[in-house]
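In the order they appear, the protein sequences are chains W and F.
The working numbering applies: residue 115 is where the first sequence begins, and numbers increase by one.
The working numbering applies: residue 36 is where the second sequence begins, and numbers increase by one.
If you're looking for bench data, these hints aren't it; they were derived computationally from the structure.
What you are looking at is a predicted structure, and each value in this text was computed from that prediction instead of being measured.
All clues given are correct.
Every beta carbon over 12 Å from chain W, so not counted as near; a handful from chain F, in silico:
#1 G45
#2 H141
#3 Y391
#4 F432
#5 P476
#6 A526
Computed spacing ranges between beta-carbons, pair by pair:
#7 F:N92 <-> W:L589: 28 to 38 Å
#8 F:K492 <-> W:G473: 49 to 59 Å
#9 F:K70 <-> W:P556: 19 to 29 Å
#10 F:G528 <-> W:E384: 38 to 48 Å
#11 W:N480 <-> F:L103: 38 to 48 Å
The C-beta atom is built at its ideal place from N, Cα and C for all residues, glycine as well.
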Amino acid sequence: MFQDIALAGPILLPALAALLLLGVELLAGGRRSQGSFLLCALGALVALLYSGFFLAKGRTGLAFHGTLNVDNTALLISVIVHFSALLAVLLSRSYLAARRDVDAPEYHSLIMVAASGMAMLAAANDLVNVFLGVELMSIPLYVLAAIQRKSVRSVEAGLKYLLLGAFASAFLLFGMGLLYGASGSTLLSALPAEIARLGTDGGLAAFGVVMFLIGVFFKVAAVPFHMWTPDVYEGSPTPVTAFMATATKAAAFGLLLRFAPVIATGMGPEAGSSMLAVIAVLTMFVGNLGALRQQNLKRLLAYSSIAHAGYMLVGVAAIVAEDGGEIALTGSSAIVFYLGAYAAMNLGAFGVAVVLDRGQGKEGVNELKGLCSERPLLAAVMAVFTLALAGVPPTAGFLGKFYVFSCAVQARMYALAVVAVLASVVGLFYYLRLILLMYFTPREEGAEPRMLRTDSFLAVASFASAVLVLWLGVLPGWFVGFVEKTVGG
Amino acid sequence: MGALDLNSFGILSLITFLPLLGALVVAFLPRENPKVLRAAALLFGLANLGLSLLIVNAAGTMVFVERLNWIPAFGVCYGMAVDGISMPLVILSCLVVPIIVATTFHVGSGLKEYLVLLLIMETGMVGVFCATDIILFYVFFELTLVPLYFLIGMFGGVNRIYAAFKFFLFTAFGSLPMLVAILFLLYQHHQTTGFWSASIADLRSLQLDAATQNWVFAGFALAFAIKVPLWPLHTWLPDAHVQAPTGGSIVLAAIMLKLGTYGFLRIAMPLAPQAAHTFATPVLVLAAISVIYGAYLAWAQDDLKKLVACSSVSHMGFVMVGLFALEPLAVRGAMLQMLNHGVSTGALFFLVGCAYERRHKRGLDDYGGLVKVSPALGIALVITSLSSIGLPGLNGFVGELLILLGAFKTQPVFAILCASGVLLGAIYMLQMVRRVCYGTPNCEEAARLSDMSVAEKFAFAPLVILMFWIGLAPGFLLERIGPAVDSILAALGNT
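Throw the hints in and build the complete structure from the sequences for me.
Here you go:
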């Protein structure tokens with residue numbers, strides 16, 4: 115029992131922090147307090163270190179009768195999730211301080227609950243736990259999206275997310291029911307064998323897989339289930355958007371990696387990978403083309419996050435195509451690497467968005483104009499994130515793409531690799547536009563000087579992300595090796 | 036190998052990353068004092084040039100080999116080495132940077148950024164010529180793109196944003212199919228040998244069938260043809276050149292375009308030898324069109340910078356003809372001509388920049404009588420134009436002669452077409468010289484241009500020396516280029 119609880123640490127620690135936070139806020143009488151910020155950051159940091167420690171020590175295993183599989187992939191994803199949570203909390207401080215319309219003491223507590231759900235999703239090995247994880251992750255996010263109660267956009271975002279999210283959950287549950295019907299088991303790891311043992315069943319398992327995937331696609335914002343993304347990302351408070359874009363994606367892709375063998379048996383490797391490939395292509399192009407004309411930085415990053423989900427789906431398609439081959443290992447590590455790199459560069463970019471916002475909701479891309487002369491360091495850091503998102507070497511973004519696309523090549527999906535590369539070219543247009551605004555376009559004549567302030571927490575977060583993005587890009591050997599070793603082991 | 040054993044201390048890494056250190060140093064110097072900034076950049080540039088001269092004896096085989104694991108999971112190494120092909124290009128890269136520092140006197144408030152970008156650029160340029168690992172090559176190849184994009188976009192002319200954007204997109208569009216080709220090769224190597232390797236030498240030993248080779252070659256060729264640039268992919272070049280600041284134009288002409296031809300010689304041809312033969316004729320057709328079309332374009336220009344930019348298209352087409360004649364003499368000539376073009380066209384952009392700073396106009400008819408008005412600038416322009424035309428005794432002649440001699444053996448038709456390009460080159464260059472350097476000044480301002488400053492003279496002198504030295508004693512370079520070229524051609528299946 116103790117062993118089980120210890121393994122569930124990445125899930126339980128943030129939950130504990132959430133409870134403590136609620137208690138603290140009760141004592142503080144609903145006033146804003148520094149205490150809850152620090153406690154929340156500490157909670158995320160402890161969860162991060164805990165997951166990292168277990169990962170380094172190789173303490174993995176099944177917990178709670180096999181319903182949780184805390185393997186290395188799950189721990190790595192927990193690390194990414196808690197890292198995102200920590201950075202999002204660091205970004206939140208100046209964001210919340212600058213605006214008066216968020217009077218919600220439970221803000222920090224909700225972030226921790228969501229992080230707990232995400233860690234659970236990454237480790238879930240049972241359909242019931244999957245559902246628990248999904249809901250534990252989503253419900254706090256619905257609230258967080260709408261937490262600026264007096265802002266119409268924020269409430270709209272929350273409502274939209276809630277309604278569509280409820281739909282997605284229904285699909286997910288439907289899929290689970292069908293899969294249970296087709297296999298008689300709720301254990302994810304047992305599903306493929308059971309489905310195969312019970313033989314053909316008129317497409318029951320295939321139908322179940324598709325329904326299940328619709329639910330997951332909604333969470334990762336894959337086309338055609340991406341419609342909510344731009345509105346929700348735009349309306350939510352920026353640090354919440356950053357958290358949503360990175361950690362949700364990590365958790366959902368963790369689930370997808372665990373679910374890949376079920377796709378391969380339920381639909382057949384051919385059909386499953388073709389479907390994933392089509393979705394991946396659509397997602398990459400819709401995301402990149404949609405981002406081209408955006409004037410709002412958060413919306414632009416929303417479309418960009420759709421595109422990045424597409425790149426990662428390329429890796430999933432490759433894994434499903436060669437079910438059980440060597441590629442399951444390289445593919446999983448590629449996606450996990452991508453998730454880590456993406457988390458660092460995206461959180462950094464949102465951090466810069468928080469600085470530009472300065473409590474007045476200034477989210478237009480034009481706010482980037484002349485940033486180079488006003489805040490050279492901030493502009494340089496943003497340039498690093500932008501180039502990383504665009505996939506230009508020597509940044510982590512390039513290596514992530516290199517890694518994922520090489521999986522497509524290994525699975526002999528050459529056309530998919532070429533299309534993915536073309537989609538990245540489209541992406542260059544809008545990423546370069548951001549740089550162009552920062553460096554090549556001065557601000558309008560007579561524009562008032564802006565008070566762009568960064569508090570030290572935000573500065574630390576952005577700087578750490580930038581270092582990580584460059585470090586993973588220039589010296590990726592240890593990390594790639596580590597991911598390969600752990601994901602494989 | 037020289038008398039010193041330099042293998043042990045990573046001279047190539049030093050040459051590659053010293054400029055990056057310089058960029059960091061410059062970035063932390065106070066922006067208020069341009070003299071200090073310029074002096075620091077110049078110091079790093081000259082130190083690096085001095086270091087680069089230590090590799091001057093590289094010839095037939097890869098020397099100064101460095102090899103470290105980089106991404107072991109994919110067999111990707113940090114591998115550096117030089118031979119007779121990369122050595123001159125490395126030195127040219129190191130030479131160009133201090134020269135450009137001398138053109139920065141007109142750069143105003145952004146001088147610090149300018150110098151930082153320039154030094155980062157040097158790291159990319161040197162790295163790309165030293166890399167023996169294909170991923171490392173790719174990384175440096177892309178790394179050169181980013182600083183130049185910023186240089187053009189931040190310091191360029193009126194249309195700089197459009198030009199920078201076009202430049203980045205064209206080249207990035209080309210390099211991504213290359214990435215797929217690289218991924219494919221890595222995977223093939225893994226399939227056939229069972230282990231991952233990204234070393235170019237290892238990948239060369241792959242025995243791919245003809246159809247596969249064609250695809251691989253096509254992937255690389257697109258990237259390199261855009262960089263060269265080969266007609267009809269050249270349209271980004273005039274825009275980029277005209278809008279770029281003088282330093283950007285010099286780097287672009289002297290080094291960046293060579294990445295294309297170097298890539299063909301070092302990567303595309305050896306990795307897909309059969310496809311190099313298959314594709315020879317189509318590439319030659321495009322190259323011949325580039326030679327002639329580029330020359331006509333140059334002839335039609337009234338803008339000095341555009342004229343030089345279009346002449347680049349023509350000259351680089353000439354280099355491509357030399358490469359794809361697949362004949363030892365022609366390839367030697369192509370290699371030499373790459374350097375010649377770097378020196379001559381770099382020098383032309385330098386002089387056009389000098390003239391522009393004084394006159395603030397670039398039209399051919401905005402000058403006149405330059406030789407009388409400012410003798411040093413005028414005479415320098417005359418010499419450089421003659422070197423670009425290929426006057427015997429100057430550098431251009433040797434390269435063009437070798438290319439034509441070689442090409443006549445294997446591809447007589449294309450050789451004849453190219454020879455007409457030489458003729459056209461003489462026409463547009465000489466009419467430029469006539470209108471700009473001779474006659475009488477066209478207006479008051481043109482008659483009162485100041486002459487080259489001491490700094491400019493010092494910066495320009497090495498280029499003139501190189502023009503005469505390569506022209507009169509090409510043996511030194513050819514001795515080193517020759518064996519390296521032969522070893523590549525041997526792998527292509529003809530000697």
